[in-house]
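2 protein chains.
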Amino acid sequence: MRTDTHQIRAVLEGWAAAVRAKDMSGILANHTEDMVMFDVPEPLQSKGMQAYRETWDLFYRYSPGGDGSFDLSQIEISAGDSVAYATAIVTIFGSPLRLTVGLRKHGDNWLIAHEHHSHAAPLDTAPQR
Amino acid sequence: MRTDTHQIRAVLEGWAAAVRAKDMSGILANHTEDMVMFDVPEPLQSKGMQAYRETWDLFYRYSPGGDGSFDLSQIEISAGDSVAYATAIVTIFGSPLRLTVGLRKHGDNWLIAHEHHSHAAPLDTAPQR
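Chains as they are written, first to last, in the working numbering: chain A, 195 to 323; chain Z, 195 to 323.
So here's chain A without its partners, still in its complex pose (with noise of 0.2 Å):
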């Protein structure tokens, strides 16, 4: 159990460290290829790893110049024999992100088949749920 808490944290940490280098390739490298994304924007969700790439060329178009940051703090990781999921923060653009992922054992490796990431919405701005 502990060292499957290594390995999805390690596993976070290689993502987010491709994200920063802009290194799409390290990005992709610990997928499922049945992954299920609930990105910031629209749509409301995509599934397999070519849509999942495409957040990816998206987020970047958006964010052309982008500050670098993609840093995860509070990583929280709940970790079963073949099923996990973690929680964490990420900062970027100066602003909190909420992460949640799913990650499902495949022989000894740890991958992430679902992401979901989301801003916590203004209260005002935010009457319907």
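Worth double-checking, as some hints may not be accurate.
Which copy is meant is left open, so a pair is good if it fits within one copy or across any two.
Cross-link-like lysine to any residue pairs, in silico, SDA-like; alpha carbons within 25 Å at most [said to hold, decoys possible]:
no. : residue 1 : residue 2
1   : K241      : G288
2   : K241      : I271
3   : K299      : F287
4   : K216      : L252
If you are wondering where the hints come from, they were derived from the structure by calculation, not from laboratory data. Quick caveat: nothing in here was measured; it's all calculated off a predicted structure.
Knowing the structure of chain A, use the given hints to seat chain Z on it.
Positioned in the frame of chain A, the structure of chain Z alone reads:
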């Protein structure tokens, strides 16, 4: 595994039914004490059952009449021996909400330990991820 998936689906459907019925004790019935909530509106996150309950007080305050909808669709569950996560789309006020839930097994029971609720931001207003 199949039984676990069935149990988790029942926990999620029971929780959504309680939301529709404004049955607070039903909403809170199957959660861990250290529950971490990423809700649609601020705050960024809430921890613990008291704070979780307050997110629902807020929800009903903002939707006093409500339309009674809180219907789960596209439920996908990944369950291991003791940890699971699920993704779903919730239809509420005619608008789709993305839902990710993290669960842990306590004895024979699956409990919700994490929820992440968000709308996809319109692309033209989401230059910052």
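> Is it within a copy, between copies, both, or neither that the alpha carbon of K299 lies no farther than 25 Å from that of F287?
Replying inline: neither (32 Å within a copy, 37 Å between copies)
> Is the C-alpha distance from K216 to L252 at most 25 Å within one copy, between copies, in both cases, or in neither?
Replying inline: Classified as within: same-chain Cα gap 12 Å, cross-chain 39 Å, threshold 25 Å.
> 25 Å Cα cut-off: does K241 pair with I271 within a copy, between copies, both or neither?
Replying inline: Classified as both: same-chain Cα gap 23 Å, cross-chain 15 Å, threshold 25 Å.
> Between copies, within a copy, both or neither: which fits K241 and G288 at Cα up to 25 Å?
Replying inline: between (29 Å within a copy, 23 Å between copies)
Hint 3 alone, counting from the list given before, is not met by this structure.
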